[in-house]
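A.B. asks: Protein chains in written order, with our numbering: chain H, 312 to 395; chain W, 312 to 395.
Bear in mind the hints are in silico, worked out from the structure with no lab data behind them. Any given hint could turn out to be false.
The list makes no distinction among identical chains, and a pair is therefore deemed to hold if it is satisfied within one copy or across any two copies.
In silico EDC-like pairs for lysine to aspartate or glutamate, Cα to Cα no more than 20 Å straight-line [stated by the list, open to error]:
#	residue 1	residue 2
1	313	347
2	332	358
3	313	336
4	313	385
5	313	386
6	332	362
Just so it is clear, the structure is predicted and the values come from calculations on it, not from any experiment.
Protein chains: 2
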Amino acid sequence: MKFHIVVQVLPRRGILDPQGKAISDALRTLGFPQVDDVHVGRHIVIETAAESAAAARASVQSMCDRLLANPVTEDFVISSVDAA
Amino acid sequence: MKFHIVVQVLPRRGILDPQGKAISDALRTLGFPQVDDVHVGRHIVIETAAESAAAARASVQSMCDRLLANPVTEDFVISSVDAA
């Protein structure tokens, strides 16, 4: 079966997020002074074959541990696992 | 009121996604040959003040149009607007 899995990888809270800081500064300059804070991460959509939704989730967990997220500075969340 | 708004910015379908291609190639090499395709976008969390959820959504829509997404190559989705 084919699955469509969505993962969010975000900088861990408290760790410097220069991209988020750059965007919040730019937004304030562009006329959005009400912006308090911005965090930027990656939104990754993986299309993969697996025997079941549980197997798809386990394999994506392992992909995140090994390649997609930096375990020192980032957290990841598997936000959805849908049969395609 | 404070709002916590989540936006996903993804490369438009059919437009070259070199980061997604690099990740899918790396995953296959790392022992995940079942991966068909990967798309990578940005996951942006904005903390902002607004008078209502509708006003917060409208202001984030305008931020996306003006700064956060490239209208030629990317699509964005405001996936949640929560009172903080």
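A.B. asks: Are there hints from earlier that the structure breaks, and if so, what are their numbers?
C.D. replies: Of the numbered hints, 4, 5, 6 do not hold.
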